[in-house]
Amino acid sequence: MASVTDLLDLRDERPRPRPPRRRGRVLGVLFLVLLLSALAVAAVTVGGKVVDALTGSDAADFDGAGSGEAVVQIEPGDTAGDVADTLLEKGVVASRAAFFEVAASDPRATRLQPGFYQLRLKMSAASAFELLLDPAARLVGRVTVPEGRNVEQTLQILADNSDIPLADYEAAAQDPAALGLPDYARGQLEGFLFPATYEIEPGSTATDVLTLMVKRFEQAAETVGLEEGAQRLGLTPYDVVIVASLIEREVKHDDEYGKVSRVVYNRLEQGIPLGIDAAIAFGVGKNAGEPLTRSDLAKDTPYENRRKTGLPPTPIASPGEATLKGALEPVDGDILYYVLATKDGRSFFTNDYNAFLRQRDKSRAEGVF
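The sequence shown maps to residues 56 to 424 in our numbering.
FYI, nobody ran anything at the bench for these hints, they're computed from the structure. Some clues are possibly wrong.
As the list claims (entries may be wrong) - Keeping only pairs whose Cα atoms sit at most 25 Å apart, straight-line, the calculated DSS-like set for lysine-lysine is:
no., residue 1, residue 2
1, Lys363, Lys341
2, Lys341, Lys354
3, Lys314, Lys177
4, Lys398, Lys417
5, Lys417, Lys307
6, Lys177, Lys307
7, Lys314, Lys354
8, Lys398, Lys341
9, Lys363, Lys398
10, Lys417, Lys314
11, Lys307, Lys341
Construct the complete structure from the given sequences, taking the supplied hints into account.
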């Protein structure tokens with residue numbers, strides 16, 4: 056067997072190739088330069104279309120900001136490639152590759168949000184990308200529903216701030232089973248249209264909007280631990296929503312939410328009527344804060360609670376997250392009474408009926424109510 060040294064020796068004895076001729080080397084370099092030049096020239100622009108002859112990729116692009124209008128939807132979960140496909144299909148960009156290259160090279164691409172956008176036809180990929188990042192290009196109907204509004208008021212607010220007619224909202228509200236209400240809602244929509252700011256996308260139906268509001272309620276309920284908290288209090292989640300709605304219509308300051316919920320629970324436990332005028336107002340079709348007449352107070356509605364004991368049969372408004380939390384976290388104590396004490400909405404709390412009467416008379420004399 057030959058040794059490593061033998062192999063080296065044999066290799067050294069092989070004929071060595073002659074060095075290449077200088078003329079051939081020059082011709083080879085010249086040929087390569089000409090080839091590269093030809094390929095560079097092959098990247099030509101025809102009607103705004105750039106063809107890369109080296110890679111064969113199509114990097115078509117338009118010039119400028121475009122013209123006309125095009126509504127484009129980015130759906131949840133869309134990748135940059137998906138968005139590029141949509142833009143190409145809608146005639147916004149000249150090629151998928153042009154937009155994808157822009158998006159792939161810009162870290163702001165992670166900020167692209169689902170929704171509908173007003174773009175233009177025949178835009179450069181860079182212009183389209185910038186417009187998709189511009190909040191002003193997003194097509195939404197923005198509506199804010201404040202806390203403490205009942206279903207009737209909420210539907211009117213939605214109709215006034217969207218392209219969906221009030222009749223459509225009213226029809227959708229008549230079919231609460233289609234809105235995804237939690238089981239403990241007992242098929243009642245009142246109290247479950249969560250107060251928040253909503254963006255209503257083009258093409259949304261009344262059912263879509265109300266379903267979104269119910270889902271938002273469920274998110275808040277999960278955040279505050281509604282079901283678990285209700286169980287700790289010995290109540291149903293529905294009972295807690297009712298209490299939260301009473302607080303929402305009665306109390307102006309969030310540091311008093313837990314005090315009012317304590318009054319409610321103490322009165323329920325002792326079989327004392329709640330005496331909450333906001334519930335009476337709801338029962339007679341008035342808004343909280345509207346003066347109640349003797350006739351209003353005499354009406355025997357399910358929401359009358361100066362003579363009847365127990366909770367109203369339904370929530371009287373949509374509570375927010377803070378009042379849901381207040382209903383779940385009553386303060387400790389034996390307070391049974393409260394009355395408005397200041398013009399900025401502060402209340403006086405006591406467990407002494409005579410002290411309550413004195414403060415009530417004082418508040419009246421001072422024009423608090």
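With the threshold set at 25 Å, check whether the alpha-carbon distance from Lys398 to Lys341 stays at or below it.
Holds, at about 22 Å.
Distance restraint between Lys307 and Lys341, which requires alpha-carbon spacing of 25 Å or less
holds (18 Å)
Hinted pair Lys398 and Lys417, Cα distance within 25 Å
holds (12 Å)
Lys314 and Lys177 were given as a pair; does the straight-line alpha-carbon distance stay at or below 25 Å?
violated (62 Å)
Is Lys341 within 25 Å of Lys354, Cα to Cα?
It holds: about 13 Å lies between the C-alpha atoms, which stays within 25 Å.
Hint check: Lys417 vs Lys307, CA-CA at most 25 Å. Holds or violated?
holds (20 Å)
Would you mind confirming whether the straight-line C-alpha gap from Lys177 to Lys307 stays at or under 25 Å?
Not satisfied, since the Cα-Cα distance of roughly 54 Å exceeds 25 Å.
Does Lys341 sit within 25 Å of Lys363, going by the straight-line distance between their CA atoms?
holds (19 Å)
Given the proposed pairing of Lys417 with Lys314, does the C-alpha separation stay at or below 25 Å?
holds (21 Å)
Below or equal to 25 Å on CA atoms is what counts here, so check Lys363 against Lys398.
violated (29 Å)
Tell me if the straight-line CA distance from Lys314 to Lys354 falls inside 25 Å.
Judged against 25 Å, a Cα distance of about 29 Å means the pair is violated.
Hint check: violations occur at hints 3, 6, 7 and 9; the rest are consistent with the structure.
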